[in-house]
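For reference, the chains in residue letters:
Number of protein chains: 2
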Amino acid sequence: MTQNRIQTDRDVVSELTTGRLSVYLRCLSYLQSLHQETVSSAELAARFHLNSAQIRKDLACFGEFGTRGVGYNVSQLKEHLIRELGIDRSRKVIIAGAGNLGMALADYRGFNDNGFHIAALLDVDPAKIGRISRTGIPVLPYSDVKRIVEEQNVEIGIIAVPADAAQDVYDALVASGLSAILNFAPVQLRTNEKVKLKSVDLRINLELLSFYLKGVEDGTA
Amino acid sequence: MTQNRIQTDRDVVSELTTGRLSVYLRCLSYLQSLHQETVSSAELAARFHLNSAQIRKDLACFGEFGTRGVGYNVSQLKEHLIRELGIDRSRKVIIAGAGNLGMALADYRGFNDNGFHIAALLDVDPAKIGRISRTGIPVLPYSDVKRIVEEQNVEIGIIAVPADAAQDVYDALVASGLSAILNFAPVQLRTNEKVKLKSVDLRINLELLSFYLKGVEDGTA
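So the sequence lines, in the order shown, correspond to chains A and B. Going by this note's numbering, the first sequence opens with residue 1, and the numbers climb by one from there. Going by this note's numbering, the second sequence opens with residue 222, and the numbers climb by one from there.
FYI, nobody ran anything at the bench for these hints, they're computed from the structure. Be aware that one or more of the hints could be misleading.
[To be verified] Using 30 angstroms as the maximum straight-line C-alpha spacing, the simulated DSS-like pairs for lysine-lysine come out as follows:
(1) B:Lys415 x A:Lys214
(2) B:Lys299 x A:Lys198
(3) B:Lys313 x B:Lys349
(4) A:Lys214 x B:Lys299
Only a predicted model underlies this, so the values are computations on that prediction, with no experimental measurement involved.
Just chain A, with the same shape it has in the complex (with noise of 0.2 angstroms):
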């Protein structure tokens, strides 16, 4: 069953707490490399530009890491917000198309260790299979990706295809038995309600420096 769809508001909504831990993460390990043992909700909202009611509120659903004029244990609450993220494991990924754009992702820090392995790369152009990206991920046939994806129990895909071979890769990556999708490509995706599907849309990130320059010459902002 498919079904054409816009990112929801219930994803919206889901995604600004995960997007919101991730940060909360990022700023304990920040702490942690300064050996600080413990932080209130009020020096990480002041610390970070953060809003520490917003702190108080997404930590609270997750139990007490909290004490009343102490604050929170640094690496107590980073473990704990490694597990609720899920990357207290290791998930396997794989990148669909090994262009620029895929040989980029599979070199990104931060998408192949803490909680993500990168399998491989798949392609279907000969000239690129069997070359590894510059941290040594390989290049495989595409046609071998449900191979792939089963021997390795791989989690995550990621579609970094040009836009016209999109759909294809994205049925193909389902029909192999993923259970989240990562898109990088600019197009409208005819989805299957089982799968998770993030899309990136890197253009909007120039509308929000545009919209900013805009308020500068309108003397707004």
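Given the coordinates of chain A, assemble chain B onto it according to the supplied hints.
Frame of chain A, contents of chain B only:
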């Protein structure tokens, strides 16, 4: 004057609004491609899984484009959003770094049309200088950044260099007179308050999918 900072709450609010305007624009472009002339906030909400009250609130800020019982004029509202986002003119962009990521961004659909024009890729590697991307963007010497920005009135710079070079490139882009910078390097930059910075952390997208997968495993998704 530099300041260490992570994204602030105000940035997030502004980014959320801008992001929604970008989403509305995509919905309206789609309706226009179907030759639909008017749309109500309720239909926009139902069709694209958005929140109708939020739509009315977001669009109310920009004046009156809706008629009770009729809805919005699709092409008028679209043109208005294009003006609000400041993409009714062409803004020049340069990309620092002509590696896999820079080349992918130079050819990324939406980065070089409808309001944005990529003037050049910049690199220090003599082997890359003089090449052109698949869509024809030239790779020019990084040492010419200030001249290119001034001569071509470039407004936006994109950092697509390795993490260890990102701060130097940021400082050079700011010194060359750019007003807005999009950073893809996974590193915390010491920033200039007068220049708008948007950092893209692609790993957050993987963490979002992991959070979903964990929910499925736990039976809470």
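Hint check results:
| no. | hint | verdict |
| --- | --- | --- |
| 1 | B:Lys415 x A:Lys214 | 15 angstroms, holds |
| 2 | B:Lys299 x A:Lys198 | 25 angstroms, holds |
| 3 | B:Lys313 x B:Lys349 | 22 angstroms, holds |
| 4 | A:Lys214 x B:Lys299 | 17 angstroms, holds |
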